[in-house]
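Spelled out from the first residue to the last, the chains are:
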Amino acid sequence: NAGVTQTPKFRVLKTGQSMTLLCAQDMNHEYMYWYRQDPGMGLRLIHYSVGEGTTAKGEVPDGYNVSRLKKQNFLLGLESAAPSQTSVYFCASSYSPDREGNIQYFGAGTRLSVL
Amino acid sequence: GQQVMQIPQYQHVQEGEDFTTYCNSSTTLSNIQWYKQRPGGHPVFLIQLVKSGEVKKQKRLTFQFGEAKKNSSLHITATQTTDVGTYFCAGVDSNYQLIWGAGTKLIIKP
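Chains as they are written, first to last, in the working numbering: chain U, 6 to 120; chain F, 3 to 112.
Just a sample of chain U residues kept apart from chain F, beta carbon distances all over 10 Å, derived:
(1) A7
(2) L18
(3) Q22
(4) G68
Computed footprint of chain F on chain U, listed as stretches where at least three residues anywhere in the stretch have a Cβ under 8 Å from a Cβ of chain F:
(5) 41-47
(6) 109-118
Bear in mind the hints are in silico, worked out from the structure with no lab data behind them.
Backbone N, C-alpha and C define an ideal beta-carbon position, used for all residues, glycine too.
Assemble the whole structure, with the sequences as input and the hints as a guide.
Below is the structure:
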């Protein structure tokens with residue numbers, strides 16, 4: 006049982022390049038989330054999904070797109086990376102809230118630098 | 003929008019001293035969760051408080067949820083080096099959305 010797995014762990018991009026971050030969970034969770042974490046700012050929600058084929062915007066969605074084609078996977082895309090997107094990105098997943106009250110399980114994170 | 007304020011941002015303590023972090027919500031919460039993030043790591047769920055006035059303990063950690071369900075605290079007694087990290091509260095609203103506090107970083111002075 007691997008839990009929540011994120012790939013890659015580290016990445017350096019040049020401004021304007023694109024990339025996709027992959028999140029996979031093996032806990033059969035319905036909900037999945039993408040956060041970014043910047044120093045002193047805690048966790049900010051980018052996008053989330055309440056089930057396969059559905060996505061919704063979070064607090065800071067601009068410059069990012071997501072897809073959830075399979076229940077176990079949640080992809081985060083950066084179409085044209087900017088230095089302001091330098092951050093640590095965390096994926097999380099949870100059961101539907103009526104089961105556990107939305108307790109979230111996090112992946113190890115992806116450290117992204119945009120030069 | 004709804005906010006959860008968490009203070010202090012940092013706390014330096016000598017090993018063996020106590021540590022407390024506080025969270026205050028602008029609105030009444032459904033419940034509140036606490037997470038710990040070790041340096042270089044990811045947030046890990048610690049506990050969830052649901053009832054008004056609830057108090058829960060995990061060894062040296064004591065968690066409280068206020069009577070009005072708008073504030074919460076985490077108190078660590080006699081800190082140890084293994085307690086180092088950032089502690090986050092996350093308020094859960096009526097739609098089960100998490101509203102994250104900014105975190106309190108616990109630093110143990112040598």
